[in-house]
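Protein sequences appear in the order of chains Y and E.
356 is the number that my numbering gives to position 142 of the first sequence; each next residue is one higher, with no gaps.
126 is the number that my numbering gives to position 106 of the second sequence; each next residue is one higher, with no gaps.
Hints in this document: simulated from the structure, not taken from any laboratory.
Beta carbons: idealized from backbone N, C-alpha and C, even for Gly.
Hints may contain errors.
Stated by the list, open to error - Derived, one-sided and incomplete: chain Y residues facing chain E with beta-carbon distance under 8 Å: (1) G261; (2) A265; (3) L278; (4) T287; (5) H290; (6) N293; (7) A294; (8) P346; (9) H473; (10) I478; (11) G479; (12) L481.
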Amino acid sequence: MSNMEMPLVVFSVLSQTAIGLVIINTNRQWTAKPHLAHLQEGSRQWGIVLAFLVTGMIASFFHLGHPLQAYTTLKHLSNAWLSWELLGIAVFLGLALLGLLTEKRNKSGMISFATALVGLLTLLFMGMTYSPPGYPAINNALPLVFFLLTALLLGASCSAWFAPPEKRAWLLRILSVTLIVGLVVYLIVPCVWLSGGTVMKQTAWAWILSPLYWGRIGIGLVLPLILLWRLQDIPAWLPIIILLGELMGRAGFFRDTVHAAGNIGGLY
Amino acid sequence: MACKNQYHQPEKVIWRQVYPIDEQIYPFTERAFYSLACNHCENPTCLNVCPVKAYYKREDGIVVHEQKKCIGCGNCIRSCPYGAPRYNPELKKAEKCSFCWQRIDAGLQPQCVQSCPVDALQIIDLATFNQPGAVQYPPGFPKQPKLNPSVRFMLPRLPKTIGEEDI
Numbered sequence: 215m216s217n218m219e220m221p222l223v224v225f226s227v228l229s230q231t232a233i234g235l236v237i238i239n240t241n242r243q244w245t246a247k248p249h250l251a252h253l254q255e256g257s258r259q260w261g262i263v264l265a266f267l268v269t270g271m272i273a274s275f276f277h278l279g280h281p282l283q284a285y286t287t288l289k290h291l292s293n294a295w296l297s298w299e300l301l302g303i304a305v306f307l308g309l310a311l312l313g314l315l316t317e318k319r320n321k322s323g324m325i326s327f328a329t330a331l332v333g334l335l336t337l338l339f340m341g342m343t344y345s346p347p348g349y350p351a352i353n354n355a356l357p358l359v360f361f362l363l364t365a366l367l368l369g370a371s372c373s374a375w376f377a378p379p380e381k382r383a384w385l386l387r388i389l390s391v392t393l394i395v396g397l398v399v400y401l402i403v404p405c406v407w408l409s410g411g412t413v414m415k416q417t418a419w420a421w422i423l424s425p426l427y428w429g430r431i432g433i434g435l436v437l438p439l440i441l442l443w444r445l446q447d448i449p450a451w452l453p454i455i456i457l458l459g460e461l462m463g464r465a466g467f468f469r470d471t472v473h474a475a476g477n478i479g480g481l482y
Numbered sequence: 021m022a023c024k025n026q027y028h029q030p031e032k033v034i035w036r037q038v039y040p041i042d043e044q045i046y047p048f049t050e051r052a053f054y055s056l057a058c059n060h061c062e063n064p065t066c067l068n069v070c071p072v073k074a075y076y077k078r079e080d081g082i083v084v085h086e087q088k089k090c091i092g093c094g095n096c097i098r099s100c101p102y103g104a105p106r107y108n109p110e111l112k113k114a115e116k117c118s119f120c121w122q123r124i125d126a127g128l129q130p131q132c133v134q135s136c137p138v139d140a141l142q143i144i145d146l147a148t149f150n151q152p153g154a155v156q157y158p159p160g161f162p163k164q165p166k167l168n169p170s171v172r173f174m175l176p177r178l179p180k181t182i183g184e185e186d187i
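Whenever a hint applies, use it, and build me the whole structure from the sequences.
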């Protein structure tokens, strides 16, 4: 997409982190396994969710040419996925605030469940928004897959902040599996693009030759996997490493994906 | 040049761009080009993805961008496979070829059509247009049937090969 779109990078990664945190927490609440009961839903967790989300939303305003008119983005719900994405984020923010304010009274987990559901829908809206026809390589379900992976990776690793070390086996399994799936997906996708049309091939080579792509794989996937294997635990600083990898990967997603118009006049 | 003279876009904001056709498609010493602007698609992706409804389609098919509504999110720029909407860094908004709809309404031709010295650009009525040899998706032009771009191309003439019979 020719430049890194840093405000979009920060917004998408941090908002997906917030969504992932709520999904993992809700999963724990609704499966209600006794050995997971220690993961107390609390104001601190909602606070962290809101901190990620609000930081991402502030970053997103820097992407707009006219941020003061951002409220008008809800006008085209009949067609535009971006309008749905922003509606989803707004509802998610409202529910997270409600979760924070009613945390002491409401222990049913319904708010958490509703927030996770809206978060999942928002991931779908984000996936549709970032799969435009202008980019043949990602004009499909891949953005949604990437965003789900981001939400699970950062959601599972950040959830470890709220669990004592002896009770992290469940999160460790989720995180390990997601890291392996992510590694496979990110290694295979450019290879699949190599068998596609010209613009897909150009995207594949742009990714393969990009330090951001390899940084994302090395720092965001391989290093955490090695650390998990060696430590058999999720240390408090691991989410920072995964976040760094995700930010690199998302910057590469925006910078290295080739636009169809870049090949006009050449064979497609 | 005609477009720039009419609208005075900032540097690098190009509504109509001339693209050289690759030698793999046109393998001759002389060169051929596509002169492309907004294709005013039947189902325009710019219109569909714009979250603030800054685009609308007129009865005659022209896709108009209302700049006063644009908030500069860039979604149309990312979405259009033909690269028609461009970012104006001075206004911090997107913009694109308007098909000179004000000139059309005044009974004039778009500035590019009027100014092309070799008559390479023409306005056609797709409902009645039936010229043999015209194609919608020539080599080197992204094929997007869902968008259905409202443009047709006459392929470049092949250069005359001089053989013994010409000597």
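These are the hints, each one checked on the structure:
With 8 Å as the threshold, the beta carbon of G261 (chain Y) stays out of range of chain E, its nearest partner Cβ sitting at about 29 Å, so the hint is violated. Contact between A265 (chain Y) and chain E, as hinted, is not supported at the beta carbon level, the nearest pair being about 24 Å apart and thus beyond 8 Å. For L278 (chain Y), the interface hint holds, since its Cβ comes within 8 Å of a Cβ in chain E; the closest pair sits about 5 Å apart. Given hint, T287 (chain Y) at the interface with chain E, holds; its Cβ is 4 Å from that chain's nearest Cβ, closer than 8 Å.
Of the supplied interface hints, the one on H290 (chain Y) holds, with its beta-carbon coming within about 5 Å of a beta-carbon of chain E, less than 8 Å. About 5 Å separates the beta-carbon of N293 (chain Y) from the nearest beta-carbon of chain E, less than 8 Å, and the hint is met. Interface hint at A294 (chain Y): satisfied, since its Cβ lies 5 Å from the closest Cβ of chain E, which is below the 8 Å cut-off. Satisfaction of the interface hint for P346 (chain Y) is found here, the shortest Cβ-Cβ separation to chain E being roughly 4 Å, below the 8 Å cut-off.
With 8 Å as the threshold, the beta carbon of H473 (chain Y) comes within range of chain E, its nearest partner Cβ sitting at about 7 Å, so the hint holds. Because the smallest distance between the Cβ of I478 (chain Y) and any Cβ of chain E comes to about 5 Å, under 8 Å, the interface hint for this residue holds. Hint status for G479 (chain Y): holds, given a least beta-carbon distance of 4 Å to chain E, under 8 Å. Taken as an interface hint, L481 (chain Y) checks out: its beta carbon lies about 5 Å from the nearest beta carbon of chain E, inside 8 Å.
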